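Protein chains: 2
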Amino acid sequence: MHNKEPHILLVNDDGIFAPGLAALNEALQGLGKISIVAPATEKSAVGHAITLSDPLRIYDFHKNGSFFGIAVHGTPADCVKLAVSALLDEPVDMVVSGINLGSNTGLNVIYSGTVSAATEGTLLGIPSFAVSLATYKNPNFAPAMRFARKTAEKVLEQGLPQGTLLNINVPNLADENAIAGVMVTEQSKARWQETFDRRVDPKERVYYWMGGYKVEMDEALVKDDTAVRNGYISVTPVQFDLTDYQQIAAIQKLNLLY
Amino acid sequence: MHNKEPHILLVNDDGIFAPGLAALNEALQGLGKISIVAPATEKSAVGHAITLSDPLRIYDFHKNGSFFGIAVHGTPADCVKLAVSALLDEPVDMVVSGINLGSNTGLNVIYSGTVSAATEGTLLGIPSFAVSLATYKNPNFAPAMRFARKTAEKVLEQGLPQGTLLNINVPNLADENAIAGVMVTEQSKARWQETFDRRVDPKERVYYWMGGYKVEMDEALVKDDTAVRNGYISVTPVQFDLTDYQQIAAIQKLNLLY
Chain S
2 MHNKEPHILL VNDDGIFAPG LAALNEALQG LGKISIVAPA TEKSAVGHAI
52 TLSDPLRIYD FHKNGSFFGI AVHGTPADCV KLAVSALLDE PVDMVVSGIN
102 LGSNTGLNVI YSGTVSAATE GTLLGIPSFA VSLATYKNPN FAPAMRFARK
152 TAEKVLEQGL PQGTLLNINV PNLADENAIA GVMVTEQSKA RWQETFDRRV
202 DPKERVYYWM GGYKVEMDEA LVKDDTAVRN GYISVTPVQF DLTDYQQIAA
252 IQKLNLLY
Chain P
2 MHNKEPHILL VNDDGIFAPG LAALNEALQG LGKISIVAPA TEKSAVGHAI
52 TLSDPLRIYD FHKNGSFFGI AVHGTPADCV KLAVSALLDE PVDMVVSGIN
102 LGSNTGLNVI YSGTVSAATE GTLLGIPSFA VSLATYKNPN FAPAMRFARK
152 TAEKVLEQGL PQGTLLNINV PNLADENAIA GVMVTEQSKA RWQETFDRRV
202 DPKERVYYWM GGYKVEMDEA LVKDDTAVRN GYISVTPVQF DLTDYQQIAA
252 IQKLNLLY
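Quick note, the sequences are listed as chains S and P, same order.
My numbering puts the first residue of the first sequence at 2, with every later residue one more than the last.
My numbering puts the first residue of the second sequence at 2, with every later residue one more than the last.
Please note that a few of the clues may not be correct.
Cut-off 25 angstroms, straight-line C-alpha distance, at most; resulting in silico cross-link-like pairs (DSS-like, lysine-lysine) [as the list claims (entries may be wrong)]: (1) P:Lys254 x S:Lys151; (2) P:Lys155 x S:Lys254; (3) S:Lys254 x P:Lys151.
None of these hints come from the bench; they were simulated from the model.
Since this is a predicted model, take the numbers as computed values, not measurements.
Between the sequences and the hints, there should be enough to build the whole structure, so can you do that?
This is the structure:
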């Protein structure tokens, strides 16, 4: 597909310091030229935010004494836009976002900075995928690294349908041979149920901490959450036409008038 | 539908100070009890962001000497979550987000804080809609106010399909009788083409300003952008299953293996 070495852009939302990004970089070594452009700080749950009202500051980020990538004081979507439009000299052939700590399944996909970076790549016409590991602690990146590499090879070879990205979620298993398989899945209706912890600061001003827990709504194995819970790597094709085509007739029947 | 007065939550992403929110409040007077919970500062293009790593501070916002609403140092989605789960004593019967300055059509919907607030309401099981006015300057809120009120009446009476919100975009016309009509539309593929203005600050650090222009991709009148450009009020039913069902077979054929 490529006459020259492919150019791969890596991004994430946990920040340029995150071990998941280093793991992704390690996993894709040898597949092409890798450029890393990632948020300077953690940007979890920024959703598909972009920064319009502030300038985007950048700096070179070094690791173990050598250049690692460009840190952007912005969101994951900002990183991809800025990388492709301004920072990188060569065209990007593939965007890979991750490896995120915490799954991006069910309705949480709409809050996901990790997925938004892959969305942004896709909007720019670049085959893109996002990889998340379903844990916040004691991560074993090995299965996600292995699958990210195999997927990257396939995507560089065969591309992806235009306008479609892959949202990949990997179960966190200590034994990398315990992965049950790969399943092409659908976004479930699982959602985050918020709780708010009300507190009062020393100056007697009220503030709240958002917390919560996941509510599972669907047990079918074809759903992203269920697949991951059962030890499968979940691959969901994602697109961004939010039109609810099935309800167009119902909304027309509402007969909204000016 | 209601034995008692309906409880309507108003929110926006331009901030609690914004004239569009005051216009919406004015438009819906008399339809029920109105509560306003909105961002303390402008939050445009925050997408579906939520605030997990910072506390959410709130304060009472007064206007012309009387209580207007609660300002939240957070995103539009934060406002709805916090309002429904913690701040308001009574259940909310409808969420209305807006009136936003600037259209939320085409692919820009995924960046829209205005739409994300209505999405959040819908996820909480509350009929919700978002209203945007297609201009950044010289707004005439009158047509959007009139249509928001008529829509609110209908939605309070008849509800909305579960899991579906309305994304409403109103053309900015000086003459409110020039509105061509109401059209139930589909999200177009129109998108924002970014430009980045590279600058160097007095300390010789590089920074970028994001700018851009809209690229229209579709001229069919049933598309949100085109409808608005032709003087119609656009009503798009929106849902949040991002699964690309049409590409599931193609992704299965990729035969991704672990």
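How the hints compare with the structure:
1. A threshold of 25 angstroms between alpha carbons decides the hint, and for lysine 254 of chain P with lysine 151 of chain S the separation of about 15 angstroms falls inside it, so the pair holds.
2. For the hint linking lysine 155 of chain P to lysine 254 of chain S, the alpha-carbon distance of about 11 angstroms falls within 25 angstroms, and the restraint holds.
3. A threshold of 25 angstroms between alpha carbons decides the hint, and for lysine 254 of chain S with lysine 151 of chain P the separation of about 15 angstroms falls inside it, so the pair holds.
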